[in-house]
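Participant: Let chain A serve as the given structure and place chain B on it in line with the hints.
2 protein chains.
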Amino acid sequence: MIEVPEVSVAVSPSYKVYVEAGILSKLAPSISEKRIALITDDVVGPLYASLLENTLQEAGKDVAVYTVPNGEDSKSMACFESLLRKLMVDGFDRKSAVVALGGGVIGDLAGYVAASFMRGIAVYQCPTSLLAMVDASVGGKTGINIPEGKNLVGAFWQPKAVFIDVDVFASLPERQFKQGAAELFKHGLLADQSILESINSKEFAPQGDRAFLSDIVARSIKVKADVVAQDEREAGIRAHLNLGHTLAHGIEAWSDHRVPHGEAVTYGLLFVAYLAKNRGYADVIESVKAFLDYVQPEPLGLTDLAPLLAFMKRDKKHEGGTQRWVLLKEVGQACIVEDVSLGELELAWQQLQNDIS
Amino acid sequence: MIEVPEVSVAVSPSYKVYVEAGILSKLAPSISEKRIALITDDVVGPLYASLLENTLQEAGKDVAVYTVPNGEDSKSMACFESLLRKLMVDGFDRKSAVVALGGGVIGDLAGYVAASFMRGIAVYQCPTSLLAMVDASVGGKTGINIPEGKNLVGAFWQPKAVFIDVDVFASLPERQFKQGAAELFKHGLLADQSILESINSKEFAPQGDRAFLSDIVARSIKVKADVVAQDEREAGIRAHLNLGHTLAHGIEAWSDHRVPHGEAVTYGLLFVAYLAKNRGYADVIESVKAFLDYVQPEPLGLTDLAPLLAFMKRDKKHEGGTQRWVLLKEVGQACIVEDVSLGELELAWQQLQNDIS
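Line by line, the protein sequences give chains A and B. Read in order, the letters of the first sequence are residues 54 to 410 in this note's numbering. Read in order, the letters of the second sequence are residues 54 to 410 in this note's numbering.
What the hints contain is simulated information worked out from the structure, not anything from laboratory work. For clarity, every value in this text was computed on a predicted model and none was experimentally measured. It is possible that part of the hints are untrue.
[What the hints assert, rightly or not] BS3-like, lysine-lysine: derived pairs with alpha carbons at most 30 Å apart:
no. : chain 1 : residue 1 : chain 2 : residue 2
1   : B       : K366      : A       : K139
2   : B       : K275      : B       : K330
3   : B       : K139      : A       : K139
4   : A       : K148      : B       : K366
Bound-form chain A, shown alone (with noise of 0.2 Å):
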């Protein structure tokens, strides 16, 4: 028997997310790689890339755009495969990289992309959805779909920079930029009191002022960043960010995603409010009923518990039988709990089903 000993490499050297006004046009300098796949989406790509295209060409580094459909069917085995044969055809190798610019769907495909481009390759992400900045830029999730269900391909890869230009929010449509808001509402929940304050400011809008705006993203990421690093692989309180998450995941599925992921995450997170409240753990439910006020989610349009039931139990976060809450203890103090019965569910499902209806 030999032992194959551990190697001490870890698994993500550290990297910096920079959130400032124009750091598209200023990111040249802190990319090392020379060759350059930017992956992007016929969305995103139009507005920004050829701004990104030319501030590396204007650092001497060759850049190649690839431009995939806008939209969640991009994360498609079948795209997937595509990007990989076009960077093997351009002549792309292990010390290039891959910039992703666009929203959740371009980072996870994109950095996907990267974890598996000859077992690896460097990754930079210029996300330009709120969402896509308060959730994704932490914790190196990159995957794909398939029909089973979302995210069920992948693999956790770090970027070696993140980069976050809130200018893009001119452009980005009031009901997305709530989709993030919601992400923002979360960590605010979890972590920092004052980020639950800041969502009231008038400026906490696309148009918002710049500074403002980059604070409040910069804040919420901090506390993302704070959680995962005590837990990459999610063993413990990573699983915390799931606040909201485990009904939000089951209307996703129910709905087929005709409900976005933050209006999910809304109704998610009045639900375990309403769980959290019944059982004398936290009340914040004005709170959280305010923030579902100004995001206004697609209506349902269900009043049965059952079929989101169903669909919670074929996520990948539902593990061996058992279905994890992640509960409110009070603000700032979340907690894991496994007991949670039939009975508390419907109770809460018929309290939400009351305020929405």
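Facilitator: Below, chain B without anything else, positioned relative to chain A:
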């Protein structure tokens, strides 16, 4: 700007490689997961899958067996996707494990499935070819092929343990055994003179003494484990393991894999032996020629080096325009050389041609 801190998790915890006749029927206590996806092929599966399945079931585990066609064609994106979808449909989750039973193709494919399913689940490797035992047991390389080249898509994903049962040689064809002998011989050249001597023993054969075979396999794996432990992500001395592989990859690609890996490596080892000797480095010509006589590789049917050079340029180890060669300074001491001239390559090629024609 937020600094996302380094995460101090080692990339690969240590794991054990068990080399023991009969281990396939004794491995259950070393596997902690309850739900097992046993991935094998239609040549190895009929011989050993039920043995393994019974062993695991007797230990109280749930086992599902997935059988793919034998051969390189199964290292495809289609097969990868199909397995991932089946695992999902069959209810596997993040606490399940994959057991890979087969040669290098199965180890690479099943390893990559495990690396990718829900962003990574446990994998145990049971290599059944000598090549997979001595080459793929250590290093965590997994991957599949795309039409543009072999192993261009994949991940580094360490097994939780490796189980090597030399009893399976009973069913391994002599020619396949020799494919693995080439890597074993290479490990001898790199670090362990005693391996070179053992290969000349009459016991070095599929029907040879079990203890003898277990010992030489274990010594060969030890060589690789020592190198990989020093350099997990192939930045430095791990490249020494590519001794003989630069030309071999060219031969494999040019011949569309008509010349199998181990035979291509045998040619490659003779080629770099000449490159080294011509520079006044190690002279291992006689030893490599004797090994070539033992292997009796597929005739090349090629007198011109140029086609191989063209294919070598597309290899993923060909970085940034420079072709790097691994040469022996002496037995047990390799080095990387980047300034090998076309004239040196052509001279070594002529010398090789004289030996094999």
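Participant: If any of the earlier hints don't hold here, list their numbers in rising order.
Facilitator: none
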